Amino acid sequence: MAITIDSTIADLLREKPESAAILQSFGMGCLGCAIANNETVREAAMVHGIPLEELSKKLGI
Numbered sequence: 014m015a016i017t018i019d020s021t022i023a024d025l026l027r028e029k030p031e032s033a034a035i036l037q038s039f040g041m042g043c044l045g046c047a048i049a050n051n052e053t054v055r056e057a058a059m060v061h062g063i064p065l066e067e068l069s070k071k072l073g074i
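Heads up, the sequence shown is in the numbering used here, so the first residue is 14 and it goes up one at a time.
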């Protein structure tokens with residue numbers, strides 16, 4: 014599965030488990046919560062006030 018900024022956090026973590034540390038470095042601590050199953054990387058960046066371009070670059074997506 015190709016991971017993009019429109020993939021869910023859950024899909025991102027399944028495909029790229031190393032992403033957890035990157036997300037946590039941006040202050041996203043609730044990686045295993047129910048919202049992660051439906052929230053996209055794009056939505057999470059917006060909710061947490063994180064520049065999407067910076068986050069996607071760090072994640073390699």
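These are computed hints drawn from the structure, not numbers from a lab.
Fair warning: this is a prediction, and the values are worked out from it, not measured in the lab.
Beta carbons: idealized from backbone N, C-alpha and C, even for Gly.
Please note that a few of the clues may not be correct.
Distance ranges between label pairs, derived from CB positions [as the list claims (entries may be wrong)]:
no. : residue 1 : residue 2 : range
1   : 28        : 48        : 16 to 22 Å
2   : 14        : 62        : 23 to 29 Å
3   : 70        : 47        : 25 to 31 Å
4   : 64        : 34        : 16 to 22 Å
5   : 17        : 44        : 23 to 29 Å
6   : 35        : 14        : 15 to 21 Å
7   : 14        : 56        : 16 to 22 Å
Verification of the supplied hints:
| no. | hint | result |
| --- | --- | --- |
| 1 | 28 to 48: 16 to 22 Å | 18 Å, holds |
| 2 | 14 to 62: 23 to 29 Å | 28 Å, holds |
| 3 | 70 to 47: 25 to 31 Å | 28 Å, holds |
| 4 | 64 to 34: 16 to 22 Å | 18 Å, holds |
| 5 | 17 to 44: 23 to 29 Å | 18 Å, violated |
| 6 | 35 to 14: 15 to 21 Å | 18 Å, holds |
| 7 | 14 to 56: 16 to 22 Å | 18 Å, holds |
Hint check: a violation occurs at hint 5 only; the rest are consistent with the structure.
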